[in-house]
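Could you put the whole structure together from the sequences, leaning on the hints where they help?
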Amino acid sequence: MSAEVAALRKFPSKLYAWSFAAIVLLGIWPLLSVLVTSSLAEAHGCLVDEGSVHPCIIMGSDWGEALYAMGVMGWFMLLTFPLAAGLSMIWAIALIIHHSVWLRRQRSSA
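Counting in this note's numbering, the sequence shown runs from 257 upward without gaps.
In case anyone wonders, no lab produced these hints; they're calculated from the structure.
Watch out, some of these pointers could steer you wrong.
Unchecked claim - Per label pair, the in silico range of CB-to-CB distance:
| # | residue 1 | residue 2 | range |
| --- | --- | --- | --- |
| 1 | SER294 | SER364 | 28 to 38 Å |
| 2 | GLY307 | TYR272 | 39 to 49 Å |
| 3 | LEU335 | TRP274 | 16 to 26 Å |
| 4 | LEU288 | MET345 | 48 to 58 Å |
All of these numbers come straight from a predicted model, not from anything done at the bench.
Backbone N, C-alpha and C define an ideal beta-carbon position, used for all residues, glycine too.
Laid out in C-alpha cells, this is it:
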C-alpha cells in the first residue's frame with residue numbers, strides 16, 4: 257500500500273464511537289440492572305432489598321431470588337463507575353493522539 261493511499265483513509269470515528277459506547281455500557285450496567293429490578297418489583301407489588309430474598313410472583317413463578325440478585329448487582333457500581341471513568345480518560349487521550357497524528361499525515365500528504 258502506497259503512502260498516498262494510506263494517507264487518504266478516513267479517520268476511524270465509528271470505531272471510537274463504538275468503543276466509547278462499550279465503555280459507557282460497562283459503567284452503567286449495574287445501574288441498569290437495579291432500574292430493571294425496581295421497575296419489575298414495583299409493577300408487580302413486590303418488595304426488593306439487599307437484606308433478604310422476598311417472594312415475588314410474576315407470571316405464575318417466583319422471581320424473588322432473581323430480583324434479589326439483580327438488585328444486589330448495583331453494588332458493582334463501586335467498581336464499574338471508576339473503571340469506566342478511567343477507561344474514558346484513556347480513550348480520550350488515545351483519540352486525541354490518534355486524531356492529531358492522522359491530521360498531520362493528511363496535511364503532509366496533501
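CB of SER294 to CB of SER364, is that within 28 to 38 Å?
55 Å, violated
When you take the CB atoms of GLY307 and TYR272, is the distance between them in 39 to 49 Å?
43 Å, holds
Cβ distance range 48 to 58 Å for LEU288 and MET345, holds or violated
Hint violated: Cβ distance 22 Å, outside 48 to 58 Å.
Does the hinted range 16 to 26 Å hold for LEU335 and TRP274 at CB?
Cβ of LEU335 to Cβ of TRP274: about 23 Å, so the range 16 to 26 Å holds.
Hints 1 and 4, counting from the list given before, are not met by this structure.
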